[in-house]
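Asks: Make the full structure from the sequences, and use the hints.
Here's the letter readout for the chains.
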Amino acid sequence: MITVFERPKSLTPAKTHYCPGCTHGIIHRLVAEVIDELGVREETIGIAPVGCSVLAYNYFNVDMYEAAHGRAPAVATGIKRVHPDKVVFTYQGDGDLAAIGTAEIIHAAARGEKITTIFVNNAIYGMTGGQMAPTTLIGQTATTAPNGRDPEVQGYPIRMSEILATMPGAAYIARVSVHNPQEVAKAKKAVKTAFQVQLERKGFAMVEVLSSCPTNWGLTPLKALEWLKDNMIPYYPLGVQKAPEEVKA
Amino acid sequence: MAKVLMKGNEALGEAAIRAGCRFFFGYPITPQSELPHYLAKRLPEIGGVFLQAESEVAAINMVYGAAGAGARVMTSSSSPGVSLKMEGISYIAGAELPCVIVNMQRGGPGLGSIQPGQSDYFQAVKGGGHGDYRLLVLAPASIQEMVDLMGLAFALADKYRNPVMILGDGTLGQMMEPVEFPEMIDPDKLPSKPWAARGAKGREPNIINSLYLNPLELEEHNLKLQAKYAQMAEEETRSESYYTDDAEIVLVGYGSSARVCKAAVDQARQQGIKAGLFRPITLFPFPKAEIQAACRQAKSVLTVEMSMGQLVEDVRYNLEFKVPVHFYGRAGGMVPTTRAVVSKITELVQEGGRSA
Ligand SMILES: Cc1ncc(C[n+]2csc(CCOP(=O)(O)OP(=O)(O)O)c2C)c(N)n1
Ligand code: SF4
Ligand SMILES: [Mg+2]
Chain A
0 MITVFERPKS
10 LTPAKTHYCP
20 GCTHGIIHRL
30 VAEVIDELGV
40 REETIGIAPV
50 GCSVLAYNYF
60 NVDMYEAAHG
70 RAPAVATGIK
80 RVHPDKVVFT
90 YQGDGDLAAI
100 GTAEIIHAAA
110 RGEKITTIFV
120 NNAIYGMTGG
130 QMAPTTLIGQ
140 TATTAPNGRD
150 PEVQGYPIRM
160 SEILATMPGA
170 AYIARVSVHN
180 PQEVAKAKKA
190 VKTAFQVQLE
200 RKGFAMVEVL
210 SSCPTNWGLT
220 PLKALEWLKD
230 NMIPYYPLGV
240 QKAPEEVKA
Chain B
0 MAKVLMKGNE
10 ALGEAAIRAG
20 CRFFFGYPIT
30 PQSELPHYLA
40 KRLPEIGGVF
50 LQAESEVAAI
60 NMVYGAAGAG
70 ARVMTSSSSP
80 GVSLKMEGIS
90 YIAGAELPCV
100 IVNMQRGGPG
110 LGSIQPGQSD
120 YFQAVKGGGH
130 GDYRLLVLAP
140 ASIQEMVDLM
150 GLAFALADKY
160 RNPVMILGDG
170 TLGQMMEPVE
180 FPEMIDPDKL
190 PSKPWAARGA
200 KGREPNIINS
210 LYLNPLELEE
220 HNLKLQAKYA
230 QMAEEETRSE
240 SYYTDDAEIV
250 LVGYGSSARV
260 CKAAVDQARQ
270 QGIKAGLFRP
280 ITLFPFPKAE
290 IQAACRQAKS
300 VLTVEMSMGQ
310 LVEDVRYNLE
320 FKVPVHFYGR
330 AGGMVPTTRA
340 VVSKITELVQ
350 EGGRSA
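Protein chains in written order, with numbering that gives the first Met the number 0: chain A, 0 to 248; chain B, 0 to 355.
Every clue listed holds true.
The calculated DSS-like cross-link candidates involving lysine-lysine, where the alpha carbons are at most 25 Å apart (straight line), are:
1. B:K200 x A:K14
2. B:K125 x B:K227
3. B:K188 x A:K85
4. A:K191 x A:K201
5. B:K227 x B:K287
6. A:K85 x B:K192
7. B:K200 x A:K8
8. B:K200 x A:K85
9. B:K200 x A:K191
10. A:K201 x A:K188
11. B:K6 x B:K261
12. B:K125 x B:K321
13. B:K192 x B:K223
Residues of chain B clear of chain A, computed beta-carbon distances all greater than 12 Å:
14. S32
15. S82
16. P108
17. L110
18. E182
19. K223
20. E234
Hint data in this document are derived by calculation from the structure and do not stem from the laboratory.
Note that beta-carbon positions come from the ideal geometry of N, C-alpha and C, so glycine has one too.
Replies: See below:
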């Protein structure tokens, strides 16, 4: 018998708590596959955020931390400075990384911390009940923007990848999506590069993954993926924002 | 080893290194800046890491990261900066990580002043951040004691897997005294920390965490923390009693205030007044049995603080309201003078220990 599909070693057997159709699960799997493929499972320390993925420490089969809301990049800095030879990654939502934790992510990138950040942008606060995120699109409704985000009142959505790509300390910044199998394959490649860049000590690396939240968007899982493609990608264009020369080639 | 003349803040830095600390994360603030200045130079010399964080919030979360990864790690700040650290301190206490936090207090509230203060006592000993947690709080009153307590702070942090705070003040940080340092501890020779997250090689993953979604589990976790605090109260209280054996009036103060009190006791004794001083060295756990013994035959107690009255509440509580406890405090960076304290003593003795 040939095994065609098995759980990566870097995932535990625990059943995740994510809603049906939520793409957090796919992103977990990509990260775990990359850790397996690079053979660094026993050298890796991950940091879960506060958000829907708060329990990621139960899902990744590596040493894990649970950080305070937004502080994962600072926690990662502390770990990496103690163990420069270990692989350290943060897994963060858009509220976590682009609102309450803006200072921590910007300065981790500015210092060129040799860590990998997986930034899951679903344009909403999933965990706390669909409130507006710093990434919520203009016109998109949220429980705290019931008439849709109005730039006169709530300002404009933040493009974190573009901001971080301006930092000399950032070695690799890419935005990917997981709304169809082709994009999932590209996303995995980017995640792998982001870990390799860390292993080669090139600097800070981040992959922003556009992700769906069918529950708080009020859509079916399939409609949510369509909404992501039609609405998020035009504002958050996919592609590599910054990469070391040899990676670009 | 020979004594060297050193500023308090710098001595604390060297003492941390002697205690095996190789990691420091902090953000500049007066009046503790000489400590990071010293470590910025000294830590890289011995293969350590000094990192200036973007804020106190980030600094304490770096400490969370480094402590969870098994290192002896320290941060330091002064009042407004310590307020910002409270989030991280609560997580560190919840996740049961060892670390040392220095607060060289200044006057408050708000931006307050850059002059010495003691008005963060409640924040330090009652919790400060959210949740039922306690820091082990050590209050030195001389530079030598700062050095000695630093070694103890790291040892107790590891023993209890709990954050330890050294609660000083601007005066102690700035003044100079001769000090003797202990031998250097090699951090690689310290007992290993099997719970630390440093890569799950050949074992199940370790998780550094303070989240317990199951209420029963969180209650159990809290009971475990409380048991730890009770053990601290059993085993770790420290204090100094000065001329308390026959004292009719006992002064109580910690840190810089205790130095003033000691001088006041000496002067009062010269005037024939049976005065003494009780100085708590651990503010949490509070040395309850010791203060009761020191005030056994006191007709009155006088608490002296550089605040509007915080320690005094614990003094009353721990004396179980059996002795009248009076208060004398200055605030805003004003330091009580020996003369003012002596005249307060004289006044109280003349009144014959009236009720507080
Ligand atoms: C200091 C603090 N503030 C607020 C919260 C409440 N909170 C929990 S998750 C969350 C938003 C998370 O949103 P995001 O980072 O986008 O993650 P998602 O759930 O969408 O994956 C908030 C505000 C908290 N736990 N801590
Ligand atoms: S609320 Fe949204 S982000 Fe959270 S698990 Fe459900 S679908 Fe996923
Ligand atoms: Mg989100």
